[in-house]
Amino acid sequence: MSAAPQKAKAGAEKIEVEVSAIVPLNDLVTRFEFTRRDGLPFPPFSAGAHTVVEMNDDGRTRLNPYSLMSDPADSSKYAISVRRDDEGRGGSLFMHRKVKVGDAMTITYPVNLFPLDLRGRKHVFLAGGIGITPFMAMIAHLERMGGAWELHYACRSEALGTYVDELTSRHPNKVHVYYDDKKQAIALEDLLDGQPLGTHVYVCGPQGMIQWVHKTAAAHGWPDENVHSEEFLAPQPGKPFEVRLCKSDIVIQVGEHESLLEAIERCGVEAPFLCRGGACGQCETDVVEADGEFIHRDHWLDDDEHASGKKIMPCVSRFVGKTLVLDR
Amino acid sequence: MTIQFNEETFRDDYSFRNSDWAIKRFPFPFHEDSYMYSVNMEQHRGGPEGSVYEKRFDVDEHYVSEMRDRAIVLADDPLRCQSLPHMTLAGWDTLELIMVSKSEDYPDLFELHRDGNRWRWINKPMGIDHTFTFLDETTLPCGPLEYITRQAQGDYAVLDQRNDMLYMDAGMITTQADWSLDFDIGMDFFEWHAPVPLAHEMGIFKRALKFLLNIQQGAPARRLNWTMTVNPLLDTSPENYHKWGVQKTTLTPENIGSKQHLRVELQTFYRLPRSNALLFPIRCYLIAFQDIVSIPKWGRRLHRVIRDLPEELATYKGFIDNRPMMLDYLSQYDDGLPTSPGVWPDLDTEPPLQK
Numbered sequence: 001m002s003a004a005p006q007k008a009k010a011g012a013e014k015i016e017v018e019v020s021a022i023v024p025l026n027d028l029v030t031r032f033e034f035t036r037r038d039g040l041p042f043p044p045f046s047a048g049a050h051t052v053v054e055m056n057d058d059g060r061t062r063l064n065p066y067s068l069m070s071d072p073a074d075s076s077k078y079a080i081s082v083r084r085d086d087e088g089r090g091g092s093l094f095m096h097r098k099v100k101v102g103d104a105m106t107i108t109y110p111v112n113l114f115p116l117d118l119r120g121r122k123h124v125f126l127a128g129g130i131g132i133t134p135f136m137a138m139i140a141h142l143e144r145m146g147g148a149w150e151l152h153y154a155c156r157s158e159a160l161g162t163y164v165d166e167l168t169s170r171h172p173n174k175v176h177v178y179y180d181d182k183k184q185a186i187a188l189e190d191l192l193d194g195q196p197l198g199t200h201v202y203v204c205g206p207q208g209m210i211q212w213v214h215k216t217a218a219a220h221g222w223p224d225e226n227v228h229s230e231e232f233l234a235p236q237p238g239k240p241f242e243v244r245l246c247k248s249d250i251v252i253q254v255g256e257h258e259s260l261l262e263a264i265e266r267c268g269v270e271a272p273f274l275c276r277g278g279a280c281g282q283c284e285t286d287v288v289e290a291d292g293e294f295i296h297r298d299h300w301l302d303d304d305e306h307a308s309g310k311k312i313m314p315c316v317s318r319f320v321g322k323t324l325v326l327d328r
Numbered sequence: 001m002t003i004q005f006n007e008e009t010f011r012d013d014y015s016f017r018n019s020d021w022a023i024k025r026f027p028f029p030f031h032e033d034s035y036m037y038s039v040n041m042e043q044h045r046g047g048p049e050g051s052v053y054e055k056r057f058d059v060d061e062h063y064v065s066e067m068r069d070r071a072i073v074l075a076d077d078p079l080r081c082q083s084l085p086h087m088t089l090a091g092w093d094t095l096e097l098i099m100v101s102k103s104e105d106y107p108d109l110f111e112l113h114r115d116g117n118r119w120r121w122i123n124k125p126m127g128i129d130h131t132f133t134f135l136d137e138t139t140l141p142c143g144p145l146e147y148i149t150r151q152a153q154g155d156y157a158v159l160d161q162r163n164d165m166l167y168m169d170a171g172m173i174t175t176q177a178d179w180s181l182d183f184d185i186g187m188d189f190f191e192w193h194a195p196v197p198l199a200h201e202m203g204i205f206k207r208a209l210k211f212l213l214n215i216q217q218g219a220p221a222r223r224l225n226w227t228m229t230v231n232p233l234l235d236t237s238p239e240n241y242h243k244w245g246v247q248k249t250t251l252t253p254e255n256i257g258s259k260q261h262l263r264v265e266l267q268t269f270y271r272l273p274r275s276n277a278l279l280f281p282i283r284c285y286l287i288a289f290q291d292i293v294s295i296p297k298w299g300r301r302l303h304r305v306i307r308d309l310p311e312e313l314a315t316y317k318g319f320i321d322n323r324p325m326m327l328d329y330l331s332q333y334d335d336g337l338p339t340s341p342g343v344w345p346d347l348d349t350e351p352p353l354q355k
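Protein sequences appear in the order of chains W and A.
Each residue of the first sequence is one higher than the last, beginning at 1 in this note's numbering.
Each residue of the second sequence is one higher than the last, beginning at 1 in this note's numbering.
Among these hints, one or two may not hold up.
[Said to hold, decoys possible] List time: in silico BS3-like cross-link candidates among lysine-lysine, alpha-carbon distance up to 30 Å: (1) W:K77 <-> W:K174; (2) W:K247 <-> A:K210; (3) A:K55 <-> W:K77.
[To be verified] To give an idea of the interface, some chain W residues facing chain A are shown, with a C-beta separation under 8 Å as derived from the structure: (4) E13; (5) P72; (6) Y109; (7) P110; (8) R119; (9) E225.
[As the list claims (entries may be wrong)] Pulled from the structure, derived: some chain W residues nowhere near chain A, Cβ distances all over 12 Å: (10) V23; (11) R84; (12) K100; (13) V101; (14) G102; (15) E158; (16) L191; (17) Q207; (18) K215; (19) E231; (20) H257; (21) T285; (22) E289; (23) H306; (24) T323.
If you're looking for bench data, these hints aren't it; they were derived computationally from the structure.
Even glycine gets a Cβ: it sits at the ideal position worked out from N, Cα and C.
Chain A with its partners taken away, still in its complex shape (with noise of 0.2 Å):
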């Protein structure tokens, strides 16, 4: 199909918005109505026609301005992308990894012509034509991760693995929930994951790293996690706390439904073949409450998983100030009637709301 990309900020005006394609094939990260921490990952390896899980690297409505954004945050902050000198063999790899999977899943939208090491780059979406040296970064503006990354939506991290353990040695990081590149970079997996409650308890993070350290070429999975945010921001980063954690404050009963947006990230690893690093790409996806209120077991069940979670998850994730204002709205779209497992919109088959 051909993506009509919109016009549309992330900043100031927000005049972001879903449409109806993009509603339906939202990334809703609650199978059933309630929600508690797991590893809960499965292999990536396409999903239902037209879902965010169908190509390697999904690519939306919102592909150029996303893209608009994170070259203003890069203009204002460089330090959002950093790769460490042993890092940039992984750059290439993600370079390959990206520019094969578009041209191959969005033939339309992206050309790669490769004559051994001299290879032809077409981006139509964004105007680009380039010509470069695979493996030569004189032959690039920039250096190979920033270079693919300006023009892949999502966060990417590059993960270096030695001794069994993964560094933060590389990312791409402009639409973060609330974590900083520049004071990761470096550290290991347990040293940049302390700030997570309760689930270091649970031994989460171990299973995770063991999950993690074993993913192999060939074979990349996926999981969701999923956080709030009020406006539709997709640079809320520690950096920039103080321009938009006060916005926090300024939801009303009236706005919620505008303002108030679940944001949901669609996370991928893939072993990296050249470096043998993991690369984690982190794909944000935002939505309105009134969007999300549309689909009816979606309401339905927001509802139950906000009310229900627990406080600690609810203060990680910075919602807890908000979640009585966030239960009236929602609770109106509640008819207490049981929701179809699984996170799929089922339109055909659930009941419209019956108040």
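Only chain W is shown next, with the shape it has when bound in the complex (with noise of 0.2 Å):
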């Protein structure tokens, strides 16, 4: 034992896999599916976890969490499921383009941060788009262990309804689907009324869905432990600024459409890190000097800690100022 204290680690273990099966689901969702190459099963997973994939996009490196949607008794393969964002920063475009069958990929060992409360005698499933994926595997696991569940899923049209119908097919009485397209929303207020004592709610969808339903159950009188969500931000371009980081002695400028958490990464400096999305907290980093504004974008920090100027979530938050001095 060295008995010294180890710092945070930059991510999750890896896994060397290959890309198995393609899925197109529609114009814009495709599943990927990998197998392991050393031939052993996957580990387990808990339902609600996700894991990193990382690309090597010409010689660029990015890295995105996506939710696994496969059933987490399924140890043959993993499988995530990918919207393909047009305006962002490539990571979709690159899976969507550039990833063939058989591709070798490395992704990283399963991230909980959305897991379903076990306490739960019922559980309410609130999904928005691509925020399907990881209850598909909450589904299956609940499925499998006879747990009460039902799942209220809005989606902009039939067209883009992602599995839509096998969970329809496979549980007619569970499913509730609603089109934007024919103006069908969810009844929230009765929908959370109506639950038993011990029901527990997930959201996972838009950032004005996940608010609207945290601020609707809670004046319903929901307990905020009752109520989850995961919500991955991706990091936002903005303008390049530049910064010093004092423990490694270095000054770093971080590009248009880099994150701060990316360029530091790329000067060779090892960073914490496990989700790339604001939500984690690993990645949290303490702000030695600085002169100019944060743009805060974390859902970590509270508002007080992002007011005082003393800590920063480098994989999504940026700063425009003249200086900016890290302890990193």
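Join the two chains into one complex using the hints; note that each chain is given alone, in its own frame.
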């Protein structure tokens, strides 16, 4: 035993995989299935977990988190479903356009920031669009364990209803689908009021939907700990800025289309991370000196911490101003 | 290697003994000549061959006797093993982790044959050969956590993780340093650590919680903790304090070398895959003072650590009254020579006692 404290590691443990299937589901969403290159079974995972997929995009490393949506009991493969984001930074475009069956890729061990509360007597799932993915694994798990659940799934249109057919044919009495283009909407207030004691609600979807569910549930007397959400933020582009990393003793430039975390990594400085989406807290970094304005975008720090200017989450947050010195 | 299992007791006549092999591989917890709390975590990924850190779940010469002692404790007090209803899946996770690890790490002692969910488990030292259905409780004689931890040395706390907090929601606790699962069940991380002095003020628990919440699948961690026990008692529980507490007054300058034991916990931390709970195995190792001082470096160092330990810690660890007698004994084995850094015995390089 060294008996010396260890610094947080960069990322979770890795698994070398091969792309075993690519299944287009509709105009926007494609499922990617992976098998292990060493032939061993995948580790079991808990429903709600994600994996970070490493992409080598012409020499540029992209690391994107995706919910594992395959059956957690199936150790022969892992699957993710990726929605193409034409306006995004390129990770989903890379997956859709460049990845081929048979490609070797690297993914991380499962990390769960959106677990089921196993005390729940009933689980109500609220999905918006691609937010359906973690619920696919949760449903498979609860079906096996005999848990009570229902799903309310809002999609833009029938054509973009990812997994709607599969879900409604398998679970006709538990799945409720709402199409935006038909002006259908989840009757959230009625839904919340009708639930038995011990019910937990889970929401995964666009930010507005998540806020709506939290707010409505709170207004209807739901305890916070019975309302769960997960939203991965993609880093947003912004004006380039300069940062001094005082422990590493270097000055780095953060480009318009890269995150602060990516710039730190590009310069060879190892920084801890897990989700890369502002949710897990691993990359939290102390600010030593700042003259300018922070653009905080994470869900990790609270409002006071954001206002204090003492901390930043480099995976999604940026800075505009003259000087920024970080303890990294 | 084949392990020769001791025939020994941890009560009544206290026939517990460490062999020379067990003494040399003892997890001595002090890496320098002084001790203070720290979040002294490191990855639990093997260690030097033959050391207690090498395997995921160390099996040693005390295995069979320790399991017999656990059965006695449970027969007297079944509440030493509890699992709240939502923790059954974590119990299966624990069973799987221990069975897979032991059968891979000790193939001559344990075998696991899996055909889908039909599992056959062979535990040779305990004479068990059992076929059951994974995730079907009706095919085991008791719950999965109790079943496997009746066959695994050390205590097991199973912590549910919810809302950025850990909860003591299940466990098998029979070899504990004076804490009670029945008292702590359902408590959160800060509640069950409330009695520990100094560490709260030092912010130790906030940092430790943050670390533990982020322990991920495939990346287990470990640390050591320690205290003192008079007589080689595994079960030093609050429930039985009336039986063992009084034994602390039986220490004399004549018997302290054989009666006074350093008690070290090898604590490991595993993220459980199916339940997302955190498994916290706490493995207890005991060693008599007379055996510690047979390693010159450890004799020198233990004297210095005990001498300089803050009063609050000696009180919390329950040996403040016996400290003067301990120091009288240990000072005979401290010649003032410097000690090498690190925890290892360094028998080949450290000089013998110079007095």
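Structure-based check of each hint:
Pair hint W:K77 plus W:K174 holds up; C-alpha atoms about 26 Å apart against a cutoff of 30 Å. A distance of roughly 22 Å separates the Cα atoms of W:K247 and A:K210; the hinted pair therefore holds under the 30 Å criterion. Using a Cα cut-off of 30 Å, the hinted pair A:K55 and W:K77 holds, with the two alpha carbons roughly 28 Å apart. Restraint check, W:E13 versus chain A: the minimum CB separation of about 4 Å is within 8 Å; hint holds.
Given the 8 Å rule on beta carbons, the hint for W:P72 holds: about 7 Å separates it from the nearest Cβ of chain A. Because the smallest distance between the Cβ of W:Y109 and any Cβ of chain A comes to about 4 Å, under 8 Å, the interface hint for this residue holds. With a cut of 8 Å, the hint placing W:P110 at the interface with chain A holds, because the nearest CB-to-CB distance is about 6 Å. Residue-level restraint check for W:R119 holds (minimum Cβ-Cβ distance to chain A is 4 Å; threshold 8 Å).
At its closest, the beta carbon of W:E225 sits 5 Å from a beta carbon of chain A; the interface hint therefore holds under the 8 Å criterion. The beta carbon of W:V23 sits about 26 Å from the closest Cβ of chain A, which is more than 12 Å, so the claim that it is off the interface holds. No beta-carbon of chain A is positioned within 12 Å of the beta-carbon of W:R84; the least distance is around 29 Å. Even its closest Cβ contact with chain A, about 28 Å, leaves W:K100 beyond 12 Å, as expected for a residue assigned away from the interface.
With a cut of 12 Å on Cβ distances, W:V101 stays outside the contact zone with chain A, its closest approach being about 26 Å. The Cβ of W:G102 lies farther than 12 Å from every Cβ of chain A, with a closest approach of about 25 Å, so its non-interface assignment holds. Chain A leaves W:E158 outside its interface by the beta-carbon criterion, the shortest separation being 35 Å against a cut-off of 12 Å. Listed as a non-interface residue, W:L191 keeps its Cβ farther than 12 Å from every Cβ of chain A; the least gap is roughly 22 Å.
Its beta-carbon lying about 20 Å from the closest one in chain A, W:Q207 satisfies the requirement of being farther than 12 Å from that chain. Under the 12 Å C-beta cut-off, the non-interface status given to W:K215 relative to chain A holds; the minimum distance is some 18 Å. Non-interface status of W:E231 relative to chain A is upheld: no Cβ of that chain comes within 12 Å, the nearest being about 16 Å off. Residue placement check: W:H257 keeps its beta carbon more than 12 Å from all beta carbons of chain A (closest about 29 Å).
Here W:T285 stays apart from chain A, with its beta-carbon at least about 14 Å from theirs, past the 12 Å limit. Listed as a non-interface residue, W:E289 keeps its Cβ farther than 12 Å from every Cβ of chain A; the least gap is roughly 24 Å. Residue placement check: W:H306 keeps its beta carbon more than 12 Å from all beta carbons of chain A (closest about 18 Å). Interface exclusion of W:T323 from chain A stands, the closest Cβ pair being 29 Å apart, more than 12 Å.
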